[in-house]
Amino acid sequence: MRHTLRETWSGLRRNLTLTLSVIVTIWVSLTLFGAGLMAMQQVDLVKGRWYDKIEISIYLCNEVSTGGNCVPGQEVTQAQKDAIRKSLEANPEVEKVYFVSKAEAWDEYKEVFKNSPLLNDTGPADMQESFMVKLKNPEQYKGLVSEAQGLDGVQNIVDMHAVLDPIFRWLNALQWGTMLMSGLLLLAAALQIANSIRIAAFSRRRELGIMRLVGASNFYIMAPFLLESLVTGLLGAALACGTLALGFELIVRRNAQVSIQSLQWIGWSHAGIAMVAVAIIALLLSIIPTVLATRKYLRV
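Letter by letter, the sequence shown follows residues 62 to 361 in this note's numbering.
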């Protein structure tokens, strides 16, 4: 054990500049990786909450409606409303159907525009009746929208997916871009670790050959190099976890959660998952390149 620790310290001190560059590369790459994981959890959290609340609004024709399946100057008939409700309730994607009358629509309109001059030019008769549809699976909505667009008496369909889907697509692209960048940096860190171990092993190749000839085990020979890379990887992981914790506290808890309280934010449990993943990647990043780099020196 004393020999292993002595050789580990000697290797770290001998290649101090290279060791520091490896630690910094691991630090940055693992920080990006952890930030990408936390961003993914945040998007999934927001997506799940918003998608769960999404309802498709199907607005019916009134006397001033134009477009859609409306007859100019003619309001939707009771027979058409019954047919629309029956069609919606028969759709396997639908969980529940709510009918919104003109009076209910007017009450909501007054609440939304209570301080607006628009109230002076609008009345209950100008409101549109509508059906609010809650889906069993909010992501499976296209079939219902397509079906409702062909029903008589339907003037317009408002679907929040048209707004939210592009936003989530961009967020997902940003996440995967971050993960790709961190992956490239992790690859660079792995190559740096492998090169540093290869240089250290090459400089001691005669000593390693003698140790193999006298019967030293592979683990005994590899242990100093393995411990050296583990120290490097764990230092980088510790710095990355500290950066993630600091960033989460300052950016999310003290700023984002205070500024946007209506949005559900990730907590320390989510940050902890990211940090555990960072630690696991750091261990793999330390062990695998070391084993591959020292493999040739374990043969007599």
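In case anyone wonders, no lab produced these hints; they're calculated from the structure. Ideal Cβ positions, reconstructed from N, Cα and C, are used throughout, including at glycine. Mixed in with the good hints, there may be bad ones.
[Said to hold, decoys possible] Using 25 Å as the maximum straight-line C-alpha spacing, the simulated PhoX-like pairs for lysine-lysine come out as follows:
hint: 1; residue 1: 157; residue 2: 203
hint: 2; residue 1: 197; residue 2: 142
hint: 3; residue 1: 108; residue 2: 142
[Stated by the list, open to error] Label-pair distances were calculated between CB atoms; the ranges are:
hint: 4; residue 1: 125; residue 2: 320; range: 55 to 61 Å
hint: 5; residue 1: 140; residue 2: 228; range: 37 to 43 Å
hint: 6; residue 1: 334; residue 2: 180; range: 48 to 54 Å
hint: 7; residue 1: 328; residue 2: 183; range: 41 to 47 Å
hint: 8; residue 1: 167; residue 2: 206; range: 23 to 29 Å
hint: 9; residue 1: 138; residue 2: 159; range: 17 to 23 Å
hint: 10; residue 1: 157; residue 2: 210; range: 17 to 23 Å
hint: 11; residue 1: 316; residue 2: 206; range: 19 to 25 Å
hint: 12; residue 1: 237; residue 2: 138; range: 47 to 53 Å
hint: 13; residue 1: 318; residue 2: 182; range: 17 to 23 Å
hint: 14; residue 1: 316; residue 2: 138; range: 29 to 35 Å
hint: 15; residue 1: 206; residue 2: 238; range: 26 to 32 Å
hint: 16; residue 1: 144; residue 2: 167; range: 34 to 40 Å
Hints and how they fare:
no., hint, result
1, 157 to 203, "holds, 17 Å"
2, 197 to 142, "holds, 22 Å"
3, 108 to 142, "violated, 32 Å"
4, 125 to 320: 55 to 61 Å, "violated, 41 Å"
5, 140 to 228: 37 to 43 Å, "holds, 39 Å"
6, 334 to 180: 48 to 54 Å, "holds, 49 Å"
7, 328 to 183: 41 to 47 Å, "holds, 44 Å"
8, 167 to 206: 23 to 29 Å, "holds, 26 Å"
9, 138 to 159: 17 to 23 Å, "holds, 20 Å"
10, 157 to 210: 17 to 23 Å, "holds, 20 Å"
11, 316 to 206: 19 to 25 Å, "violated, 38 Å"
12, 237 to 138: 47 to 53 Å, "holds, 50 Å"
13, 318 to 182: 17 to 23 Å, "violated, 40 Å"
14, 316 to 138: 29 to 35 Å, "violated, 54 Å"
15, 206 to 238: 26 to 32 Å, "holds, 31 Å"
16, 144 to 167: 34 to 40 Å, "violated, 25 Å"
Figure legend: structure checked against the earlier numbered hints; hints not met, in rising order: 3, 4, 11, 13, 14, 16.
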